[in-house]
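Hey, can you work out the whole structure from these sequences and the hints?
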Amino acid sequence: MGLIYALIAVGLSLIFGLMDVVNFAHGEFLMVAMYAMFGLVVVTGFDPILLTPVVAAAMFMFGAFAYVGVVRFAMRAQSNKGMVQIFATFGLAVLLQGVAQTLFSPDFRNLPGAWLTGKTLDLHGIFLPWPQLYGCLVSILAFLGLWLLMTRTDFGKALEATREDRGAVALVGIDANKVFMLGWGLGAALTGLAGAVLAVFYYIHPQVGASFALIAYVTVALGGFGSVFGALAAGIIVGLVEAATTLILPPSLKSIGIYALYLVVVLVRPSGLFGKA
Amino acid sequence: MDASVSVSGAIAAFRRDRWREMALAGLLVAAAATIPLFVHDVYTMNVLILTLLYAALSQSWNILSGYCGQISLGHALYFGLGAYTTSILYVHFGVLPWFGLAIGGALAALVALALGAMCFRLAGHYFTIATIVIAEIGLTLIHNWDYAGAAMGIQWPFGPDSWASLQFARDKTPYFHFVLGLFAVTWLVTWVIEESRWGYWWRAVKDNAPAAESLGVTIFSSKMMAAAISAFFTAVGGGFYAAFLSYIDPDSVMSFRLSLLMALPAVIGGIGTLWGPVIGAAVLIPITELTRSFIGGTGAGTDLIVYGGLIMVIALARPEGLLSLLPSRSRESRT
Chain A
1 MGLIYALIAV GLSLIFGLMD VVNFAHGEFL MVAMYAMFGL VVVTGFDPIL LTPVVAAAMF
61 MFGAFAYVGV VRFAMRAQSN KGMVQIFATF GLAVLLQGVA QTLFSPDFRN LPGAWLTGKT
121 LDLHGIFLPW PQLYGCLVSI LAFLGLWLLM TRTDFGKALE ATREDRGAVA LVGIDANKVF
181 MLGWGLGAAL TGLAGAVLAV FYYIHPQVGA SFALIAYVTV ALGGFGSVFG ALAAGIIVGL
241 VEAATTLILP PSLKSIGIYA LYLVVVLVRP SGLFGKA
Chain B
1 MDASVSVSGA IAAFRRDRWR EMALAGLLVA AAATIPLFVH DVYTMNVLIL TLLYAALSQS
61 WNILSGYCGQ ISLGHALYFG LGAYTTSILY VHFGVLPWFG LAIGGALAAL VALALGAMCF
121 RLAGHYFTIA TIVIAEIGLT LIHNWDYAGA AMGIQWPFGP DSWASLQFAR DKTPYFHFVL
181 GLFAVTWLVT WVIEESRWGY WWRAVKDNAP AAESLGVTIF SSKMMAAAIS AFFTAVGGGF
241 YAAFLSYIDP DSVMSFRLSL LMALPAVIGG IGTLWGPVIG AAVLIPITEL TRSFIGGTGA
301 GTDLIVYGGL IMVIALARPE GLLSLLPSRS RESRT
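Line by line, the protein sequences give chains A and B.
The opening residue of the first sequence carries number 1 in this note's numbering; numbering runs sequentially from there.
The opening residue of the second sequence carries number 1 in this note's numbering; numbering runs sequentially from there.
It should be emphasised that the hints constitute simulated quantities derived from the structure, not laboratory data.
Worth double-checking, as some hints may not be accurate.
To be clear about the criterion: a stretch of chain A counts as covered by chain B if any three or more of its residues have a C-beta under 8 Å from a C-beta of chain B, and this derived list gives those stretches [to be verified]:
| hint | stretch |
| --- | --- |
| 1 | 49-63 |
| 2 | 89-97 |
| 3 | 209-222 |
| 4 | 260-270 |
Every residue, glycine too, gets a C-beta built ideally from N, C-alpha and C.
What follows is the structure in structure tokens.
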């Protein structure tokens, strides 16, 4: 679970940390990705593994569109920017939930007959479920790709530079708007990957995003805003802490461990584990 | 010479405007108090009660987050504390809700002080996320607390209508007057604070904390004061809600969504202003209820689409809130 949390959180971290925009619709992005996977599997009948890149690509478009359609205006706000972003994206979140409910009804759904469902890997008596392993694999590949993108390409540099100084970036001929649009697309695509993977072994329903979104915010803040790899490390820690908490406390209390961890960390280090002050 | 004249003139105008606002509020409340004489429909009454409740809650939230600038998205914790304290005291111990409201409010203020001592060192998003997380911890604990009914919640016993136990099964008018009173008190407190020393300190802390500190404002105690007042009234609102519905469960009084709904009227109306939460609630709550009852209910989710879209559009089109649509000299002179 840790790596998938990390994947959801990194998508958010790109948006939240790098662009300093609060996206309260992040959980709904995840939900949209899960439904996209569901819809594609039902319509085409292909296996989820084949469709994962398709969902990611679709989510890239979706994220870019959300930026152009909504967030671009929120960033232009002259006063109380933070609240405008929170509530514009909250409005978007409610709207997406409504759309999902209209199209798919509020029922809980499972992916029908995926190739991986129910299969386990037997490692000398330790049984690991394949869908989760597949999730880890996709996450690791995604991180590798992201790392290359951020450090080795002009786009990665442009994104980092735009975050640090929008004005200066405009002077050297980078269109901040375009960079942000691509950044949102990228953030949403990563979330799309996470959603595509989750859809294989998790229930799909219109409110599914909320439970993951909260953990994603905590993970991003735990890692420190503006640090993509802080989010990766924090995601793994969150996954481990959640697992450890369930060993000590009843499962219904499992998220308390994560929340307590966040409070302890920020009280000791007010800008997260790897945050820039 | 000229400057000093214009400054004292501006101060005089400001004082006049403040009393004019007071008169306007008094008139509005007095007019509202007569509404039950004309409106007998229970559904309409419920919508009006909810509107006033959200205006009061949002006004309380506004004290900490609007005036003092500490954006809290965990106010459901205080709301839930109020609702649960009132309910437990009444249902398990027979303590009348009036005392429950006061005890719940005091308890919430104490909790706010304790949490503030911990969290006011955090800035920006880190603070906001800490408030969300703390409220979630509270929600999880309540969910697992058998004495408080766990996930099932608490049902108030049926009894005769009375002001003592705040139970009115048939006629909703007393609830309306109670919540109108609550709203009037939160408005009045905000009005008094606006021009008190605390009010100026809070705005200074919000606008530029280091500069305020260099001028002798004690940031920490300013924030603590705002948090305690804000939590107190939020909890009283929660206690009222419990008495009004006669039934509470964890998700309906302490969920994250509720924290957002409390902040929403202030943001939509105008954050950090006296009238913002009122206007926000007056616009938002009736629309919420109407869309829910006319196009919702089928489970189709159309009401969510309308509601979400509306919030989005208002937030984007009017970043300063709906209040900025009204041309008002007094408002400009204060900002």
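Quick rundown of the hints versus the structure:
1. 49-63: With 0 residues closer than 8 Å to chain B, the stretch 49-63 of chain A misses the three-residue bar; violated.
2. 89-97: It holds, with 8 qualifying residues against the three required.
3. 209-222: Check passed, 5 qualifying residues.
4. 260-270: holds (count 6)
This entry does not satisfy hint 1, going by the numbered hints stated previously; all others are met.
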